[in-house]
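Visitor: The primary structure of each chain is shown beneath.
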Amino acid sequence: MTSGKRFASPQARLEATPRPLFIHSGRTVDPANDRDEPGGVFVRDGHIVASGGAVRPEDTPSDAEVIDAGGAMIAPGLVDMQVFVGEPGAEHRETLQTASLAAAAGGITTIAVMPDTDPVIDDPAIVDFVLRRARDTSIVHVRPIAALTRGLEGREMSEIGLLQEAGAVAFGHGRKAVASSRVMRRALTYAGDFDALIVHHVEDADLAAHGVMNEGETATRLGLPGLPSAAETIMLDRDLRLVALASARYHAAALSCGDSVDAIRFAKRARLPVTCGVPIANLTLNELDIGPYRTFFKLSPPLRTEDDRQALVEALRDSTIDVIVSNHDPQDVDTKRQPFADAADGAIGLETLLSAALRLYHSDGVSLLRLIDALSTKPANLLGLECGTLAPGAPADLLLCDLDMPWVVDADALSSRSKNTAFETARLSGRVIRTIVAGRTVYDYGSG
Amino acid sequence: MTFPHRHLLGIDGLSPQDIGLLLDRAEQAIAISRQPNKKRDTLRGRTLINMFFETSTRTQSSFEIAGKRLGADVMNMSVASSAVSKGETLIDTAITLNAMRPDLLVVRHQAAGAASLLAQKLQDCAVINAGDGAHEHPTQALLDALTVRQRKGSLQGLIVTICGDILHSRVARSNIILLSAMGARVRLVAPSTLLPAAVDRFGVEIYRDLLDGLKDADVVMMLRLQRERMNGGFVPSVREFFRYYGLDVDKLSHAKPDALVMHPGPMNRGVEIDSAVADGAQSVIRDQVEMGVAVRMAALETLAETLPTGTA
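Here the protein sequences line up with chains F and D, keeping their order.
Residues in the first sequence are numbered consecutively from 5, following my numbering.
Residues in the second sequence are numbered consecutively from 742, following my numbering.
Only chain F is shown next, with the shape it has when bound in the complex:
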């Protein structure tokens, strides 16, 4: 039902300062201050003035737009650290504009876009291009992650300082790892001088070889080449050793198995500057969802066993996992309507990110504070952004979510240009009803 979804225009922000916004009678969840309480948020000039229990309906200022949250959760807008967008180069899959609509509908107020575009984001001019396109077309904040090496070829490091000045919030390698340990070590060492964050997709491509799904009984039954979890942990172990030699902040982008989070747990105990993310699909689905060769479940990293999923949920609970990402990767019919082994990896995930994550709250005993921490506060901190909190003075990037509203995912009704969702026909509890960026409502979901 698209009729319920309403979006602001990207030009709205160029208009005069918005009216103050007074949101009351909600449940404010603010991990930065460890507070989950009945309350509201008062916003003026695009920033939070007051939040939590201090915001009471009877204090409504006369000049403000008033929103009765009706018990809905009010949380800092989500910050998604792993979003593949097709702009520039593959606009038929997704543009910054369509990605921003999907993000807004999912309560995501900042998307960090990946560098493996065409051309690759490895030059300050391309960072600038992405930021300008975002300014003109996107209704949420867009923050580019620049390529760690030129052309993502894994040989020469990119201009980390200049790219950072141009607006890159982190340095990554897209869908593949830097194979050379020597190049990775130098990049980690040099990046440390700029306090740059390195976000790495850990997979030993040589060991992964032609694997297309988790190696094991299910792959054997389907006759599909397996991808052992060791391909991930070997690369992660290597990186952790290199981090110990260097000084940069290191973030494993998207982990999929229990062994990997064990390695991160160990590295954190050794006080290495290490963090990690995990895709929402790996926290909520497992390899059995592939069923009869369903290519929308062909992901990178791959879905693994239920034991792995449970180990990831446990690691989320104990904060070994810092960040949850959508791993949004739009693919079209050409790349997905193929035999499983030939199909491209990836699924879209912006719009369903929070609703899917709420499964962990409703069914797996993960607290709302921890969920919002992993979806907003932690990623904002890692990327050096001021959002991700309801503290007075913070940017008013917010979401309102009816935690119990049931809905069934209909791919055609999603705002992304591509429809390859792993949650098609999934029954989810909890839906974003309003998204606010810099004090302006960019999305609202009418219940009528």
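Be a bit skeptical, because a hint or two may be false.
[Claimed, not checked] Taking lysine to aspartate or glutamate and the DMTMM-like style, the derived pairs with C-alpha atoms no more than 25 Å apart in a straight line are:
{"hint": "1", "chain 1": "F", "residue 1": "423", "chain 2": "D", "residue 2": "833"}
{"hint": "2", "chain 1": "D", "residue 1": "862", "chain 2": "F", "residue 2": "336"}
{"hint": "3", "chain 1": "D", "residue 1": "862", "chain 2": "F", "residue 2": "293"}
No lab work stands behind these hints: they were computed from the structure.
Mind docking chain D on chain F? Use the hints.
Guide: Structure of chain D alone, referenced to chain F:
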């Protein structure tokens, strides 16, 4: 009893009754092929398309003969000369095929799941999987079962040893599922590099030593090892592989004296099987080819009956 499936995509999902039904019908079809007049009109008016994305002489001609003996119009689509080599997707191929209105489609493809993908997209057409990647090759397992049943009477309680490249073999997967379903004990013998992950979960016994695996065996199935996998990738060399996993007269003597020797073909003589065994008294490799035609006739006939305007 009728066959409750519209397609034959794999052995997985067939009940022992389904398998028994196909084997019974195949047994009747053997007689047809042994008469001077081999032509029947069961499939008259039906169009059978053989679509082989991987080259195959044996399986493709076997399906062609089976179709023709039952009176179907058979067309072989050669992929080297088709649009697929020009980048057409499998789905586009299915759409094109739909417009030609085939009744039966036999497909071999290098990707696991390709036959089931086509089956989902085709209308009013029964699909037979003639091999999809390393997944399944159901008619091969059925013809192997028929060959054994002809000689041994039943599969129940037999010890069947499958030896060679299990990892890449769809024949092995289909056979493991079928033989287990029909009450045979399945043993696998292979170097560990050629065993799939978690294969022990399939209810099989795994041996690294061929002589141990052959002890008391009623049937020995040797699998083909492709040349490109012999030179250090999965096994160090041809001679080392033959030394440990190749079947010769001496090793065969460890099996039961009346053990059957089988091979799905094409054979690499001197790699996985010695000529003296392949051509010896215990070999039923030529029978397998004959049973292949019979099994495919049975499969075509059975699926044709489930077609919408079928002549049941």
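Visitor: Each of the hints needs a verdict: does it hold here or not?
Guide: Verification of the hints:
1. The hinted pair formed by residue 423(F) and residue 833(D) meets the criterion: a straight-line CA distance of about 19 Å does not exceed 25 Å.
2. This hinted pair checks out: residue 862(D) and residue 336(F) have alpha carbons roughly 18 Å apart, not beyond 25 Å.
3. Annotation: proposed proximity of residue 862(D) to residue 293(F) holds, straight-line Cα distance about 21 Å (limit 25 Å).
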